[in-house]
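Could you slot chain C onto chain Z? The hints should help.
Take a look at the letters that make up each chain.
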Amino acid sequence: MRSRLEETGYLVDDGLAVACFLALRLHRPVFCEGDAGVGKTALAAALAEALGAPLIRLQCHEGIDASQALYDWDFPRQLLHLRAAEAAGVADAERLERELYDRRFLIARPLLRALQTQPSVLLVDEIDRADDEFEAFLLEVLSEFQVTVPELGTLRAEVPPVVVLTSNRTREVHDALKRRCLYHWFDHPGFARELAIVRRRLPEVSERLAEQVTALAQALRGQELLKPPGVAETLDWARALDALGADEADAELATATLGAVLKYREDIDRARGLDFAAILAGREA
Amino acid sequence: MPPSASADPRPGAAPSGADAVLVGFARALRAAGVAVSSERVHAFLRAVSVLRPGVRADVYWAGRLTLCADRDDLERYERVFDAYFGSGRPPVRAVRAAPRPRLRPLPREAPDGLRGGGDEDRPGPPVASRASSAEVLRHRDMAGLDAAERAQVRRLLAAFALRGASRRSARRRPARRGAVDPHRTVRELLRRGGEPALPRRHARSERPRRVVLLVDVSGSMGPYADALLRFAHAAARARRTEVFTVGTRLTRVTRELSHRDPDLAMAAVGEAVPDWRGGTRLGELLREFLDRWGQRGMARGAVVVLLSDGWERGDPRLLADQMRRLHRLAHRVVWANPLKARPGYAPLAAGMAAALPSVDAFVEGHSLAALERLAAVVRGADTGGGGTATAGGVRAGGTGPGRGGSVVEGAGGSGWGEWEGVERA
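Those sequence lines, one after another, are chains Z and C. Per this note's numbering, numbering through the first sequence is continuous, rising by one, with the last residue being 285. Per this note's numbering, numbering through the second sequence is continuous, rising by one, with the last residue being 425.
What the hints contain is simulated information worked out from the structure, not anything from laboratory work. Each residue gets a CB set at the ideal place from its N, CA and C atoms; glycine is no exception. Keep in mind that the hints are not guaranteed to be accurate.
[As the list claims (entries may be wrong)] Think about it this way: if two alpha-carbon atoms lie no more than 16 Å apart in a straight line, the pair counts; the simulated EDC-like pairs of lysine to aspartate or glutamate are:
id : chain 1 : residue 1 : chain 2 : residue 2
1  : Z       : Lys227    : Z       : Asp269
2  : Z       : Lys227    : Z       : Asp175
3  : Z       : Lys227    : C       : Asp291
4  : Z       : Lys263    : C       : Glu288
5  : Z       : Lys227    : C       : Asp263
6  : Z       : Lys227    : Z       : Asp35
[To be verified] Here are some chain C residues pointing at chain Z (derived, C-beta under 10 Å):
id : residue
7  : Leu67
8  : Leu189
9  : Asp321
[Unchecked claim] These stretches of chain Z come out as covered by chain C in the derived footprint (C-beta under 8 Å, 3 or more residues):
id : segment
10 : 16-28
11 : 38-46
12 : 54-68
13 : 160-172
14 : 175-188
With the rest of the complex left out, here is chain Z (with noise of 0.2 Å):
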């Protein structure tokens, strides 16, 4: 499982390799916390890959319904095909009414068309910014693997969708929800493995400067700051040093290009206290 994921620049950690081989042996949906950017999304960007299945994906917000998320009639079509059958005559209005449910009329929204896809990966993305309603018939979904729709009658997934739930911790998810879910906490990662995925993912980078880029995104998560920067932060970081054309960082450089990592006045503030020289003549001895 492990060196399947690597392959895609993606690195995982021992804990996040069961939990995605428990996700694949038991059917077991991921329910993935942790700050922003620690590659809670991209996890399941790399299962797609390394599984070679369709990413599908929802995005949660406040209000999202059935209709959003599941299934939709296609209303014009249907129409269409009234106004069709009328005109050829057909008076059988019994027949007409069961044509008009038809699959073909059914569009399929991000659930249904997981449970369709084989295989697929679902990603069910910042789910605590839904209701709690839909919690709970994201449930069925989820515990089944099978959706009903009253005018056809259920449909499952003969190979169950690999799911990945993320939070953001902004409100309690059900602990219905999470009972049935493997859970895992994303930690920012230490020093060795953030250095390898900045290598892994920006190979254009040189080496010295993803050395350097490292150690200060680690010392500046060691202050207090409003919003510790995250691994997609030090990316961004790593990227702009090198668009700058930059093979080493130094403090000044480091400075003039905090934008990219810090995104509050205070934190960039604070930072602009810290001897960034000091952190890279540490990082060097």
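Then chain C, alone, in the frame of chain Z:
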């Protein structure tokens, strides 16, 4: 395929008896306070069986993935795992738990009025002699109640409802006027076999905002903490309400308060909160709240209510900073201070003075009537002054962090009611 790991530290745990060992571990975890249901145990056993049951790291991760449901569980999990399977560290990095606040003994320096139970100074409007006892009780300071009165107040508190100010949601509901709803219109056309019909309309619906209550349970709030938590319990029935206690540490008690029965809920909270009647470190705890929950979204667009007397043992500057941060995130910041009703009260406590510039509404919280007013402020219904003083609402010019700073200095005694009406520009 599973990751590499060290050898089994317990070779005696043969496959046959292994399940018993694992179930015993789950039980130990439950005893440590992790909510481990039998369904989770079942998942744990299945997970171990598809991994390598003899390998310590596999058991560790299988348990962590299936038995834990929250970041707060991870720390307990580590501890119980180490205790149960011996202390040889699994080849994983330790969980970076949220920094645990250091407990240090603090002198209890509650104001004298509180100590004595506040018998002499019971503020409240003059009460007509024929008013019902419930009506009298409504205005009594809760610090000075006897046992019977307290029981009655509890019953009255249970009937409370706290609803956040409403906001427009993304969802649309059928409505008489508004934009044409294509779905329902087409459905209607379909029903009529394609004949024209009146267009159906829909409009955006309103939803109450999330309400976040931060209840101070430190020593100086002693006489009020029970009543305020009961108030929080009644409020938490609305589903979009979160409750935390602050004292020497921050505890999320939303789940404990979800018991229907107020007494059971209070018992659950009593067990969950480790810092009853300790000191207060408002600034630090507010920062913890914002870091772990608030900034991620819990405080965004919410009505945040602090129920505290504002006695801050830490650095008031930190509190001021964090209050500014909170003010930028939240829709409204309401501070309910039970001491505010006392005659001659001025927010001179360092914490209170530091926080006030970032507070949208500053209300009392000492009696049932005051809590009713608080509920009205949270609902957004209370716009004018009221309470202790209504005349000529003082509105500090301009907006921003500096707003009202001078008022803190200038006004003393009564006159703090004006804060209640100050709306955000």
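Hints versus structure:
no., hint, result
1, Z/Lys227 <-> Z/Asp269, "13 Å, holds"
2, Z/Lys227 <-> Z/Asp175, "28 Å, violated"
3, Z/Lys227 <-> C/Asp291, "8 Å, holds"
4, Z/Lys263 <-> C/Glu288, "19 Å, violated"
5, Z/Lys227 <-> C/Asp263, "39 Å, violated"
6, Z/Lys227 <-> Z/Asp35, "9 Å, holds"
7, Leu67, "8 Å, holds"
8, Leu189, "6 Å, holds"
9, Asp321, "8 Å, holds"
10, 16-28, "holds (count 8)"
11, 38-46, "violated (count 0)"
12, 54-68, "holds (count 5)"
13, 160-172, "holds (count 5)"
14, 175-188, "holds (count 9)"
Consistency note: the structure conflicts with the earlier hints numbered 2, 4, 5, 11.
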